[in-house]
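Read top to bottom, the protein sequences are chains L and H.
Each position in the first sequence, counted from 1, maps to that position plus 260 in this note's numbering.
Each position in the second sequence, counted from 1, maps to that position plus 9 in this note's numbering.
Everything labelled a hint here was simulated from the structure, so no lab data went into it.
Even glycine gets a Cβ: it sits at the ideal position worked out from N, Cα and C.
Heads up, some of the hints might be wrong.
To be verified - Chain L stretches covered by chain H per the calculated footprint, using a threshold of three residues with CB under 8 Å from any CB of chain H:
#: 1; segment: 283–290
#: 2; segment: 310–317
#: 3; segment: 325–337
As the list claims (entries may be wrong) - If you want a taste of the chain L side facing chain H, the calculated C-beta under 7 Å gives, among others:
#: 4; residue: 269
#: 5; residue: 270
#: 6; residue: 274
#: 7; residue: 297
#: 8; residue: 303
#: 9; residue: 304
#: 10; residue: 320
#: 11; residue: 345
#: 12; residue: 350
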Amino acid sequence: MEKQMKGFPVSHVVGFIFSLILTFSAAGIALKTDLSFKVIMWIIGTLAVFQAGIQLFMFMHLREGEDGKTNVVNIAYGVFMAVVIVVGSIWVMSSGHMH
Amino acid sequence: MSANVNTALPLEYQREQDRMNILGFWIFLGAEIILFATLFGVYGVLYQRYAGGPTHQDIIVIKDVMIQTVLLLTSSFTMGLAIFEMRRHNLKGLIAWFVVTLLLGGGFLFMEINEFIHYVHEGATMQTSAFLSSLFVLLGTHGAHVTLGIGWATMVIIQLLKRGLTPVTARKTFIIGLYWHFLDVVWIFIFTFVYLKGLVG
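Please build the complete structure, drawing on both the sequences and the hints.
And the structure:
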């Protein structure tokens, strides 16, 4: 937290620049390349996760304060449940039946 | 209440009550993740059920989506700068960046409303197909959060102007900051798995 007191918000500026780079890379890879659908989705999905991490750790200070560990466990559980809900729904609705 | 004040910490963490409020808000954000996960789940199941209506390629204007994305991303950055100024006890800087954040948020909302109007003019309404129902619900829930956030933040700014920086106003500002960053996190996934995926597949 002490690092926050400096005159220039280094981590915010770095996080912002990285977010912009990740956003435009994802758009470029999705719209300007001839890679297969699967490959593109894996790449831009990974970039999205990285960018969400930047928001959580560099902008929201997820691990900060006396409840930092609780925050990490809480959000990790939320993300796990989100993956189960999304991937589980799609899987069961597309592969779980023959007709 | 005032027995446990640790002045070595930033204002919003000094009192036990405020620390508990911040922890409580993080737990709320955990529930918000689940809310959006259910909507992404529905969209992920239905996103190709066009029912003979417009497809992604027919309605999405990628340039406008990029503008929305940059507006929201920049507003998340300026919200971070607002909290940074708050930690330096610079009330003027805090309010200035806070107002910039809301203007960018308002710009995002303006673009999104225009996007919805454009979709409806193309014959793509909530009733047209399962794809469009799930799309409008997902985008609309996010947009409703942004709208709510702008109203909420405006009230926090009024409190900052009236009361200045206290542990209570600092905590309120910090919490709306968390909320605002979270909306950008959700948007990253909308951008990737709705717009980009829709234009690739």
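Hints, one by one, checked against the model:
1. 283–290: Contact hint for the segment 283–290 of chain L vs chain H: holds, 4 residues under 8 Å.
2. 310–317: Answer holds; 4 residues pass the 8 Å Cβ test.
3. 325–337: holds (count 8)
4. 269: This hint holds: residue 269/L lies near chain H, its Cβ roughly 4 Å from the closest one there, short of 7 Å.
5. 270: violated, 10 Å
6. 274: Hint on residue 274/L: violated, closest Cβ of chain H at ~11 Å, above 7 Å.
7. 297: With a minimum Cβ separation of about 5 Å from chain H (threshold 7 Å), the hint on residue 297/L holds.
8. 303: Violated - the Cβ of residue 303/L stays beyond 7 Å from chain H, reaching only about 10 Å at its closest.
9. 304: holds, 5 Å
10. 320: Holds, because the Cβ-Cβ distance from residue 320/L to chain H comes to roughly 5 Å (cut-off 7 Å).
11. 345: holds, 4 Å
12. 350: At about 5 Å, which falls below the 7 Å cut-off, the nearest Cβ of chain H leaves the hint on residue 350/L intact, so it holds.
Hint check: violations occur at hints 5, 6, 8; the rest are consistent with the structure.
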